[in-house]
Amino acid sequence: MSMTRREKIESMLKDEPDDVFLRYSLALEMETAEEWESSLEILETLARGTPPYVPAFQMAAQQLVKRDQIADARRALREGIEAARSQGNTHAAGEMSELLMSLGEMPGE
Numbered sequence: 390m391s392m393t394r395r396e397k398i399e400s401m402l403k404d405e406p407d408d409v410f411l412r413y414s415l416a417l418e419m420e421t422a423e424e425w426e427s428s429l430e431i432l433e434t435l436a437r438g439t440p441p442y443v444p445a446f447q448m449a450a451q452q453l454v455k456r457d458q459i460a461d462a463r464r465a466l467r468e469g470i471e472a473a474r475s476q477g478n479t480h481a482a483g484e485m486s487e488l489l490m491s492l493g494e495m496p497g498e
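The sequence shown maps to residues 390 to 498 in this note's numbering.
Please note that the accuracy of each hint is not assured.
As the list claims (entries may be wrong) - Label-pair distances were calculated between CB atoms; the ranges are:
| hint | residue 1 | residue 2 | range |
| --- | --- | --- | --- |
| 1 | Asp404 | Met490 | 37 to 47 Å |
| 2 | Met390 | Arg474 | 43 to 53 Å |
| 3 | Pro406 | Gln476 | 19 to 29 Å |
| 4 | Glu396 | His480 | 24 to 34 Å |
Honestly, the hints are just simulated from the structure, not real lab data.
Ideal Cβ positions, reconstructed from N, Cα and C, are used throughout, including at glycine.
The whole structure should be built from the sequences, with the hints applied where relevant.
Below is the structure:
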């Protein structure tokens, strides 16, 4: 029996538990399986890492938007833009800025 993509990722993580890309990949697989809380938990951990894993901010924000948690999505994007700029990743900062602008402003913010 062949392993699923998620099973392969989980197997590799047993050997390399600190591999940022594998953890990010697992979060994406969890999102696909609609395991929102677990996926977001991994993404938030990656975003708080040293250094912060920039793609995790945007992916977390996209998941939050899908779940209509716009204020949390904006917060993730603002933090992500700052992290991307501090790492010299202007491309990621630009993409997150575009997503942030597309969300518009909320009353009271």
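- Item | Hints not upheld, ascending by number | Hints that this structure does not satisfy do not exist here, as all of them hold.
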